[in-house]
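The numbering used here numbers the first residue of the sequence shown as 16 and each following residue consecutively.
Hints may contain errors.
Claimed, not checked - Listed next, the in silico DMTMM-like pairs over lysine to aspartate or glutamate satisfying Cα-Cα at most 20 Å (straight line):
1) LYS288 to GLU407
2) LYS395 to ASP335
3) LYS308 to ASP370
4) LYS308 to GLU326
5) LYS89 to ASP121
6) LYS400 to ASP356
7) LYS140 to GLU108
No lab work stands behind these hints: they were computed from the structure.
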Amino acid sequence: MYWRRIIGVAQRLVKLAYEDTHRTLQAQEVAFLVGAELHNPHASLTIDESLDELELLADTAGLHVAGRAIQNLKQIDPATYIGSGKVLEIREEIARLDASVVIFDDELSPRHQRELEEAFGENIKVLDRSALILDIFAQHASTREGAMQVELAQLEYRLPRLTRQWTHLARQSGGGGGRSGNGGVGLRGPGETQLEVDRREIGRKISKLKEDIESVRAHRGRHRAQRDRLGVPVIALVGYTNAGKSTLLNRLTGAKVYAADQLFATLDPTTRKLELPGGKSALISDTVGFIQKLPTTLVAAFRATLEEVTEADIMIHVVDASHPNAEQQIEAVEDTLAQIDMPRIPRILALNKIDEMPELPPAPKTAEPYDAVVPISALKGTGLKDLLAEIERVMIENMEAIEVKLPYRRGDLLALIRENGVVDEETADEEGVLIRAHVPPRLAARFRDHAR
């Protein structure tokens, strides 16, 4: 009797769990993924791996993925991207699965999107990877700066795709694009007029957002100038989304940046003070995570934020070493850094999440040379002493040698050398202090007037 009661309770719990899951899935929009295999020998991921990542993106956006389809192509179909036969096949599949969203793994042209929306029907949303990433960024932007950057990227993405929203009005205009009997002058239909109004309005919004973001950029520039005067070294954390950058920042500095096992969990840059083993300090900044096929509009919109990377003294590239596509993720990050004209600065490769691996990973083959490779676990704290030691070593090795004679009234400059540099020799006489030292490159210019 006792066991029957236990079994009955367990069965009711299972039923409740199933009903709860069923309600959750019903509340979520159901999505269907589509990928095209174009036989590109330079592709960093296979089509299945790329669709796996697209499914993670869809999940992050709050969608439930019910199925996927792959089309092998010699070339992209100019009308429907994947060909009319595959479109019919997918239309039947999404009807069977009751899907309401179709997501393509590559960016669709405005024509592709228009043709696909007509083929799938007005109740089916057609998205591409770029639109999905922009939607995720819009959900996760928590500051005014982040929201402005995402809105700019969304508007620039949508502007060439406006036509399809007004074609129904153009068709109702009764030959708006044709020639009239009034001297052959073409009359504009209401659809075309509305489209032009929309384009002008979006153009105004884009101009205003660019002005506002430029103000943010100038503000950041003033902050960087202040840092340069103080001579504080700056370290930038970069990496593929979900590599563990925020977790590492929290571990190293005691910060409380939101960190989750989720793509693009944080977007807004965070800068904290980092204490190094030798007693010196630096500033360390977390940045937005990268991903393969990151929309170019998004890279452009986040340029003000990404300048924090280009102005850094040292870059730490955080990699999820446990990920099966770690090498490809490194390549995707390096490609994005090339897009923003990343200068050649000292680079450290931090192989993160070694706690999830049975043995230490080998150093990956990368296109870019790294000054150090350090296995770590940001979550467990493993290897962080080694990482800090490498940061300090690389920082010192890349300092500039100076020899200056400072008058006693310039105690501020003497303090800058002692706080941020390495004093090799110091001699005092009646005129002042003769110092041979190594200082961070951004600080060296402060001493040119006193050089020997």
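**Request:** For the pair supplied as a hint, LYS140 and GLU108, confirm whether the alpha-carbon distance does not exceed 20 Å.
**Result:** With a Cα-Cα distance of about 15 Å, the restraint between LYS140 and GLU108 holds, given a limit of 20 Å.
**Pair hint LYS308 and GLU326, alpha-carbon separation not exceeding 20 Å** = With Cα atoms ~24 Å apart, LYS308 and GLU326 exceed 20 Å; violated.
**Prompt:** Do the alpha carbons of LYS89 and ASP121 lie within 20 Å of each other, as the hint requires?
**Reply:** holds (15 Å)
**Prompt:** Quick one, are LYS395 and ASP335 close enough, alpha carbons at most 20 Å?
**Reply:** holds (14 Å)
**Message:** For a C-alpha distance cap of 20 Å, please report whether LYS308 and ASP370 respect it.
**Reply:** violated (29 Å)
**Request:** Measure nothing beyond the straight line between the CA atoms of LYS400 and ASP356; if it is 20 Å or shorter, mark the hint as holding.
**Result:** violated (31 Å)
**Prompt:** Is LYS288 close enough to GLU407, meaning Cα to Cα at most 20 Å?
**Reply:** holds (14 Å)
This entry does not satisfy hints 3, 4, 6, going by the numbered hints stated previously.
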